[in-house]
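My request is simple: use the sequences and hints to build the entire structure.
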Amino acid sequence: MELRGELLKSIWYAFTALDVEKSGKVSKSQLKVLSHNLCTVLHIPHDPVALEEHFRDDDDGPVSSQGYMPYLNKYILDKVVEGVFIKENFDELCWTLTAKKNYKHDKNGNCTISDRDAFRLWCLFNFLSEDRYPLMMVPDEVEYLLKKICTEMSVEWNAGELDEFFAQETFQNGITVWVFLEWVNSGRFTRGIERETLTMAVEEVYQEIIEDVLKQGYLWKKGQLRRNWTERWFILKPNTLSYYVSEDRKERKGIIPLDRNCCVEVLSERDGKRCMFCVKTPSRTFEMCASDTKQRQEWTTAIQTAIRLQAEGKKSLHKDLKQKRRDQRELREKRRAAKEEELQRLKQLQEEKERKLQELELLKEAQRQAETLLKEENQRRKQQHEEMQRALEIQLRQAEQARASMQAEMELKEAEADRQKKRIQELEAMQKSLEEALFAEVTARQEEESKRYAQTNLLTEEEEKMKELMQLKEEQEELIIKTEREKQELKQEMESKTRILEEAQKQLEEVRVNRQRADQDVMAAQRKLHQASSHVKHWNVQMNRLMHPIAPGEKRPIAGSSSTSSFRGSGGHRLEV
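Under our numbering, think of the first position of the sequence shown as 1, with each following residue one higher.
Bear in mind the hints are in silico, worked out from the structure with no lab data behind them.
There is no bait here: all hints are sound.
Restricting the straight-line Cα-Cα distance to at most 16 Å, the calculated cross-link-like pairs of lysine to aspartate or glutamate (EDC-like) are:
(1) LYS324 x ASP140
(2) LYS74 x ASP47
(3) LYS322 x GLU130
Ranges of calculated distance between the beta carbons of each label pair, as one might list FRET restraints:
(4) GLU354 x ALA524: 18 to 26 Å
(5) ARG423 x ARG485: 57 to 65 Å
(6) ASN540 x LEU357: 39 to 47 Å
(7) GLU265 x ARG195: 41 to 49 Å
(8) ARG485 x ALA524: 55 to 63 Å
(9) LEU3 x ARG345: 40 to 48 Å
(10) GLU231 x HIS36: 42 to 50 Å
(11) PRO48 x ASN173: 36 to 44 Å
(12) PRO257 x ARG345: 54 to 62 Å
(13) ARG485 x GLN446: 56 to 64 Å
(14) ILE193 x ALA167: 21 to 29 Å
(15) ASN239 x ASN173: 30 to 38 Å
(16) GLU486 x GLN358: 29 to 37 Å
(17) TRP157 x LEU357: 50 to 58 Å
Virtual Cβ for every residue (Gly too), placed ideally from N, Cα, C.
Put into structure tokens, the structure is as follows:
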């Protein structure tokens, strides 16, 4: 499935290059030529009649990519056998078709990189691009590729211009291969670097990533029969260790298959060779010698990496690293989405909290207004009561004064009555002696009767005043009862307002509890984020431990000369072994 996906990426470029009108369809005659060329480079038999029969009902019109896919899968891709064809020739065919239409130099017509380098960068782009069409390479992968090229050129990586380039809104989600090649050809990335240096760096990265060359260089090998030492050019891949007569790789002298049963060991000095090591396979042990200790360490580590990949059932180191980087990006995206969701939830909780606080403020304001109105009403009623009480006190004082004056008058009348009684007694005493004063006595009696009548009238008036006083007293009691009733109503109203205030306080307490719960949720989310960050750091450390330097060696003289190379891990650091 991995090989099919890689082939489809290159075929997609060839198909879109034939789509001149950009309608998503290509004429059947062009597809015949394309299919024949694909079968040729893939070393599979071509059936010229199959395409006609497959599109029998559509002889005149063009064929869409979706309509071509069933034929491509059935008659071409299903017949592909890995290892039978040369993948580079297949990519060159597709590159030739698509470069004529899409590959352009910079705006001035100049070309910073050669056509061969452009082809290799196109292959690297296809390998590192996402498995979605149209093919795009995300900014992280672009930076990874450019860092590896800079490392091979021994140039310090400067991400400023690339960050500025991706800061444009158009390229934030990724770029196409043509935009990538145009940017490289602009000279901003290769400023001050010779073209030959760039070509060598691109070739090294191409061999490392596309051809799965873990390490290459000269080593001394001990023969099995003659037991002599011969210098050979070795190329290490995940499943084989091949050796050639020279670095042009025209004459291969042998191949050492690697699997999980193989191992590599460092040997002690003997036969005049110092930096020796051996590769043990189930059938044979191969003794080799490096130019120095550093080269021996790099070769042994690289061979151990190849054996580990075979033990884990992996065919390519960089495919595994690419998948790990993709998984890390997906994990970062999921964490970012989860963080945004958590922030949105916290924002909603904050809005709900603010709304509750606003409602509470409104309730407090309503309570303050009710208390103010109640206070004003109590003040008004108190003033009315005080005014009424003062009026009643004035009336009571007036009634008391009238009663006191009536009592004084009654006392005067009683004193007068006592004098009259004494006089009557004197008259009665004189009656015997003064019978002749009968007429005067009758007159005196008439006067006495008139006085008594006047006294009776005064008593009647006093009774009426007493009745009025009692009526005023009853009215005062009724007013007092009414005032008590109003006080009771005010008390009930104050109790209802107090209950409303208590309910508002309960709601405030619930809001506080909800806020505490939200704070606890925020703290839990922060702990989860911290744990996730620690987990990512742990796996980054584990991944860096699994990455080892792989770089081609350089040919040196027999008398101790050495070649050095390096390999860049997914983090962009040089790991020297």
